[in-house]
Amino acid sequence: MKTQRPLSVETRIKAILTVIAIGLTTLTVGTALTQGFMERTAEARFLLETARSAAAGMDERQVESLLEKLHPHWKEVPASQAGETIRSSDGREWRFVLDRPQIWNALVYRQRYVLVVGLIGLLVAVELAVFLAYGLTRPMKVLAWGCEQMRLGRWVRLPTLSRTPYELEALNEAFNGMVEDLKRWQDFQKQAARVERLAALGSVAAAVAHEVKNPLASMRIHLDLLKDRLPGEEKESVAILGTELDRLNQTVSQLLSYARPNPPLFGPVDARELLGWITSMTATPCRLAGVAISWTAGEDCPPLWGDEQQLKQVLLNLVLNSVSAQGDGGTVSLSARKEGARSVSIAVSDTGPGIPAELLERIFDPFFTTHPEGTGLGLSIVHRIVEGHGGRIDVETSERGTTFAVTLPAAPQEEKER
Amino acid sequence: MPVLLLQLLVFGAYTLALVFLAGEAFNWKEDRRLFYVGGNRIPLVPMVGTFVATWMSAASVLGYTMWLYADGYVAFTGSVNGWLIGLVLMPFIVRKLRVSRALSLPQWLGDTFGDPRLRSLSALALLGAYTFYIVIQFRAFGTIVSALLDIKVLVASALVYLFVLYTTFGGLPSVARSDTLNLVLILGGVSLAAFSLLGRVGPIGAVHQALAERAPEMLHPWTEGWSPLVTTLMMLSWGLGVAANPQYAIRLLSARTTRDAYGTLALSSLIIGAIYAGLTVIGLSAFALVPYVRAASDELAFTRLFSMALPPVPALGLFLAVLAAAVSTANSQLLLAACSLCYDLRPNEGRRRGDLVTEDRFLFRNRLAIAGIATAALVLSQFRLPGVLLIGRYSWTVVAICFFLPLYVIRKPRSRGLFLPLSAALLLHLFLTAFLRLLPELALLPALALEGILYFRPWRKGP
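Heads up: the sequence lines are chains A and B, in that order.
Take the first sequence: its letters are residues 0 to 417, numbered as in numbering that gives the first Met the number 0.
Take the second sequence: its letters are residues 0 to 462, numbered as in numbering that gives the first Met the number 0.
One chain only, chain A, in its complex shape:
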């Protein structure tokens, strides 16, 4: 069954102001008309009484000219009808009754401007009601829109409306405050859930990696021993086995470094040296992929404060990730610059196709990868190391490429001078 829509604020305010306007107009005009009618009737009666007393001393002809003055308020009626009588000195009688419609007509004519202005007042009242309702419903409309956006999962901040009453402005601000708190709370929950998940994952991974690493080492030793005793063709198969064992070992080592990261050994790290080292280390994979790599560092870029080995791993992982994201060709640029008074920002930018929006939230999750041969641990390790250094990592991506910006603390002044 279709439910009836409740009346809007506009309709309600319109109805109220219309009733008030009609009431006031009716009261004003009604009072004016009633008072006017009573005054006219009294005047007419006074006129009749005056004429009656004057007529008593006049003859028929004189009275007839006198009676002309009784019009238009008095109407002459036949003697058979009831009415006010006027008698002349020679005994002739005239009957009169009050001509009420005529009095009303004259009164309405006299009050016509009041009536028209009342009508105009009614229309003005209605139009004022419309704008009053608009002033009230506009912020509500914006608020409803904000709630709808929130329901759709979009974080919005309500705009400040001009000329809004402060009560409604307070409502607006309360909504914006609620959104900010909710967003913070959601971020916190996400972070807590992630930490919890990673901790559990890390424990399992560490246990498994530890159990796997020792047999792997033993297998490698025995494979090396076996390699020397085998004839030519079998040596090739053993070499392949060795390569695969190394890959397995590397994965396990990565797992271990992720699950049980070494605490960073903080010290000053020169950003230029770091970028130069990374560029030379990745020159071969870049050349094989047809990717051009370059680096720049600002003149005023201070040294970083961190673990050099771990920072090298961060940048190595980011650069290799960028190279593999581009396919054939493209460029990877590294840059370092001073960020505020106490930070350094190192950016790794590529010209690849970008990261789809739906994957962006998961790229730092362990084991999440879009490459068939990847472990999905590279960016997780980057994230963990950067967090361990008290820094942060931001991603900007579009169809024209992706930039990972790592912001790390700068070395204290005295360390720089040392």
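Quick caveat, the hints were computed from the structure, so don't treat them as lab data.
Values in this document were obtained by computation on a predicted structure and should not be read as measured data.
Honestly, I wouldn't trust all of these hints.
[Unchecked claim] Far from chain A, some chain B residues (derived; all Cβ distances over 10 angstroms):
| # | residue |
| --- | --- |
| 1 | 14 |
| 2 | 69 |
| 3 | 99 |
| 4 | 148 |
| 5 | 154 |
| 6 | 155 |
| 7 | 157 |
| 8 | 158 |
| 9 | 183 |
| 10 | 215 |
| 11 | 227 |
| 12 | 359 |
| 13 | 364 |
| 14 | 436 |
[Stated by the list, open to error] Where chain B lies over chain A, by a calculated footprint (3+ residues, C-beta under 8 angstroms):
| # | region |
| --- | --- |
| 15 | 112-125 |
| 16 | 139-147 |
Where a beta carbon is used, it is the ideal one built from N, C-alpha and C, also for glycine.
Given the coordinates of chain A, assemble chain B onto it according to the supplied hints.
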């Protein structure tokens, strides 16, 4: 009850009906498409209501009736005939218009010819033409009410100004709803007056008999004063103007479906025909009853004539029909004028809605424009301007120059090819009417011919 009080009570009842039938001025979920074209989903009944009520302007009800009263059937040949030609042509543009998702005719023109200058030029022409046309509506009603109630014209015009403002603030949905009420009043008022006059004079045969005895030339389709050439040119001009009028085109665009648009044209033609028949009876019967009336203007003559020829209630019905016609046409024109000012003359405004706040500001600007244009028209209506039909003729002809060729003649639009021909045609029309004092409808034809020649360039060979 005193007649004056009855008249005021009827106007009061009309006010209340309008206030509560026109709906909400500020729709909860409004955007520019809803405001300008009713979200392209206006159902058939309000569509017919708004189409016919907009069609029946004060010029139709008052101007046509008084022309008929003065000159007889030549008024039908020269005006109604032409208007009906326009109505017959309209089905040919329904599909062409509905393919477009434009919100206004100037936008359609600009989009079709890939030329934003055309949009601005036609919007400017519409803004001017409609502002003056609204003046007619205000003046017609203002003069009638001022004569009826013996009040100042400005006070009486203020009434219609407020009616129009109120119904236009809600955009096309509100205009369509109030127009349905106005159509009922127009139909009711005209029928009541026509039947009342027939009751007094006798059937239409008796009316013709009376005319044949007193002024036989009134029964001819043209007279010495209105030669066949002038009458035909006038008919053609009105016809082209009506056919290309954005007021009707925008309604065809706003219908829920193409079928509804065709249905609107079919049903409207029947109702419009009935109303013209009623007005024809009124004009001719009034002459049979009161062959001579002396007044300073058409509006005053109309008031005096029907106060004498009709009893108070049918006369009031007819006057209310003029009010309804004035309000229904003025609100539609006001909306289009505001659209031209706030939308078409601002090239950055696209047809897609912005975010909530941007859209709200945009529509608020439209409402301010509505108030501004209506106020300007109210002020202009207090000055001495040419007669009702003459202002109408200027407006129609300008509209016809802007839209007739693109809507009806040009099949394959040439990108950026219409701006110069259109500008030249408007300038020629201005020159012929302002400097050579030619009638606007006579100036229309050379202007249209120039526009066509400059666009098609018959001297150029090749495709």
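Results for each hint:
no.: 1; hint: 14; verdict: violated (6 angstroms)
no.: 2; hint: 69; verdict: holds (31 angstroms)
no.: 3; hint: 99; verdict: holds (29 angstroms)
no.: 4; hint: 148; verdict: violated (5 angstroms)
no.: 5; hint: 154; verdict: violated (6 angstroms)
no.: 6; hint: 155; verdict: violated (8 angstroms)
no.: 7; hint: 157; verdict: violated (6 angstroms)
no.: 8; hint: 158; verdict: violated (6 angstroms)
no.: 9; hint: 183; verdict: holds (20 angstroms)
no.: 10; hint: 215; verdict: holds (42 angstroms)
no.: 11; hint: 227; verdict: holds (47 angstroms)
no.: 12; hint: 359; verdict: violated (7 angstroms)
no.: 13; hint: 364; verdict: holds (13 angstroms)
no.: 14; hint: 436; verdict: holds (40 angstroms)
no.: 15; hint: 112-125; verdict: holds (count 10)
no.: 16; hint: 139-147; verdict: holds (count 3)
Going through the hint list in order, the structure does not satisfy hints 1, 4, 5, 6, 7, 8, 12.
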